[in-house]
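Asker: Protein sequences appear in the order of chains D and E.
Numbering (my numbering) for the first sequence: 1 to 317.
Numbering (my numbering) for the second sequence: 318 to 587.
If you are wondering where the hints come from, they were derived from the structure by calculation, not from laboratory data.
It is possible that part of the hints are untrue.
Label-pair ranges, simulated between beta-carbon atoms [stated by the list, open to error]:
hint, chain 1, residue 1, chain 2, residue 2, range
1, D, Gly37, E, Arg356, 29 to 39 Å
2, E, Gly422, D, Tyr11, 11 to 21 Å
3, D, Arg108, E, Glu417, 22 to 32 Å
4, E, Val458, D, Arg87, 43 to 53 Å
5, E, Ile370, D, Gly37, 42 to 52 Å
Just so you know, even glycine gets a beta-carbon here, dropped at the ideal spot from N, CA and C.
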Amino acid sequence: MIEVENLVKRYGEFTAVKGITFSAQSGKVTGFLGPNGAGKTTTMRMLTGFMPPSDGKATVAGFNVFEHSLEVRRRVGYLPENVPLYRDMTARAYLAYIGEIRGVKNPRQRADAVLDRVGLLDRADSQIRTLSKGMKQRVGLAQALIHNPPVLILDEPTIGLDPRQVVELRQLVSDLGREHTVLFSTHILSEAEQVCDKVVIINSGQIIAQGAPQTLRAELSRGGRVLVRAEAPPDQVRALIAGLRSVNIAEVGMDGVIATPADAQVDASPYIAQAILEKGWNLIELRPLAVNLEDIFLELTRQQETSAETPLMEASS
Amino acid sequence: MTDTITNAPAHSTPEQHVEMGAAFPFWTVFKREFTGYFRSPIAYGIAFALLLILGVVFNGYITSGVAAGSAPADSTVVPGLLTFLMVFFAPLLTMRLIAEEAREGTLEVLMTLPMGEGQFVIGKFLAAWAYYTVILLLTIVYHIILTTLGVPDLGAAFGAYLGAWLLGGAVLAVSMIWSAVAEEQIVAAFLGVATVLVLYLAELAASWVAGQGSLAGAADFVRELGMQAHYDYTMARGIIRPEDILYFLFLIIAALFITTRLIEIRRWRA
Numbered sequence: 001m002i003e004v005e006n007l008v009k010r011y012g013e014f015t016a017v018k019g020i021t022f023s024a025q026s027g028k029v030t031g032f033l034g035p036n037g038a039g040k041t042t043t044m045r046m047l048t049g050f051m052p053p054s055d056g057k058a059t060v061a062g063f064n065v066f067e068h069s070l071e072v073r074r075r076v077g078y079l080p081e082n083v084p085l086y087r088d089m090t091a092r093a094y095l096a097y098i099g100e101i102r103g104v105k106n107p108r109q110r111a112d113a114v115l116d117r118v119g120l121l122d123r124a125d126s127q128i129r130t131l132s133k134g135m136k137q138r139v140g141l142a143q144a145l146i147h148n149p150p151v152l153i154l155d156e157p158t159i160g161l162d163p164r165q166v167v168e169l170r171q172l173v174s175d176l177g178r179e180h181t182v183l184f185s186t187h188i189l190s191e192a193e194q195v196c197d198k199v200v201i202i203n204s205g206q207i208i209a210q211g212a213p214q215t216l217r218a219e220l221s222r223g224g225r226v227l228v229r230a231e232a233p234p235d236q237v238r239a240l241i242a243g244l245r246s247v248n249i250a251e252v253g254m255d256g257v258i259a260t261p262a263d264a265q266v267d268a269s270p271y272i273a274q275a276i277l278e279k280g281w282n283l284i285e286l287r288p289l290a291v292n293l294e295d296i297f298l299e300l301t302r303q304q305e306t307s308a309e310t311p312l313m314e315a316s317s
Numbered sequence: 318m319t320d321t322i323t324n325a326p327a328h329s330t331p332e333q334h335v336e337m338g339a340a341f342p343f344w345t346v347f348k349r350e351f352t353g354y355f356r357s358p359i360a361y362g363i364a365f366a367l368l369l370i371l372g373v374v375f376n377g378y379i380t381s382g383v384a385a386g387s388a389p390a391d392s393t394v395v396p397g398l399l400t401f402l403m404v405f406f407a408p409l410l411t412m413r414l415i416a417e418e419a420r421e422g423t424l425e426v427l428m429t430l431p432m433g434e435g436q437f438v439i440g441k442f443l444a445a446w447a448y449y450t451v452i453l454l455l456t457i458v459y460h461i462i463l464t465t466l467g468v469p470d471l472g473a474a475f476g477a478y479l480g481a482w483l484l485g486g487a488v489l490a491v492s493m494i495w496s497a498v499a500e501e502q503i504v505a506a507f508l509g510v511a512t513v514l515v516l517y518l519a520e521l522a523a524s525w526v527a528g529q530g531s532l533a534g535a536a537d538f539v540r541e542l543g544m545q546a547h548y549d550y551t552m553a554r555g556i557i558r559p560e561d562i563l564y565f566l567f568l569i570i571a572a573l574f575i576t577t578r579l580i581e582i583r584r585w586r587a
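Generate the whole structure from the sequences, applying the supplied hints.
Answerer: Encoded structure:
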């Protein structure tokens, strides 16, 4: 498992990671979600012992990444973002090489075992340079698995893959999540929603939300907005709904009329349905407005930007 | 009273088997890197160029010298020339050792393995030195040819080869430093040649210092810093002095230490 407390990384004047706190449980896939340049790779590099934090604390598999870097490195499998491999080696020779440094017994046998795990045993003797992008990604993943580590840290493992390879790799990551602690970064929101038990959203070096994807969605759909479609001109539907006491705002959207309730805790749907039926219109659709991770993400980053801009404008005026 | 095991995890979950890491990871790094030289066309090219130049010079030395009776059969000529050529060829053998791994990102994987930077640097260096040793051993052919033409001094030959081996190691270690600094391999090679040339030509600087009146006393010191003082006048003539051996060993160890620290610094700033 991974526990991160107020972790900071500074590069001179620039602070890439600004005191983040989160945890990743064993037997779960934790998604590390954020746009490019949010600080995902920097955080992962600190967790793998590749570089030391400037401040704060991180514990991986029970060991402090700074004080017991060696212990951490023994227990972590890491796939860096651009999947660095030795192109002039065969897949098996490369994995045996990493396995031997890691002190794995029978490195070549173990290499075959992990190649089998990622479905690439038939290409064990191929030079890495001849493998497709997806296959290279799987060799990289096999490298992270060679010593059967309790913790797996995967930096954007699905980047640059074709759709079929993406589906396969996501399935593999999900499976691995049952036996290992998996921390997996992505900037693709739907991916995090599909694969992860927990999502940590990071932007500009700060965590802006974390929790199960469903919980995050529920939290943001608290507003209780509903979509209404009736067999009547949208303007008239809007006027009717806007007149209801339980509705605060009604606007015409792309798919129908979107109603925001007056009280977020009170579902306006029954009142809307009643009003439309009383009018003698046919009600086609009435449902809570779906909120996906994409909406949450855009909403949160927008909130963060506005709150960050305010002091800046004060300072410049 | 219970003993506290400082390294134990704070929480006591049953831990699965953990691999401790290789006892001597430098050996694993060495094996890959050394065999890598034999997979690399550039390394073959360097060996070919070195042996070609040595062969041409040796041929001239034999035909117009030894065979004509105007020069003695001297087995120190070839290793002596090799040490000079290494000023330019050593940086070509070491330029990619670290720069390539840093550029490709494979260094990031290695640095997250349970292996110290020092082990990595030693493995890399030994591979380059071993490859150079193979080239050096191939030149023993020239000594064998000379034995058919005359009676070369075996003691001088041994000293010259031992010296060429140590000097080669020092030159490789020093030029490898730049591979840990430069982003581009060619820059590493260029800076390597410059650095090694300074070490090699300290002799010239010493003569200049000797002519500076008040500074003349420092001339010997400057001369001793250079490689020629520890090879050309001693080992190349079969004189094996402990201080010369220590000089080259010290250069190797100091250079490996600097390279290791540079990789550490690189990591801190990564």
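Asker: Give me the numbers of the hints this structure contradicts, sorted from smallest to largest.
Answerer: 4
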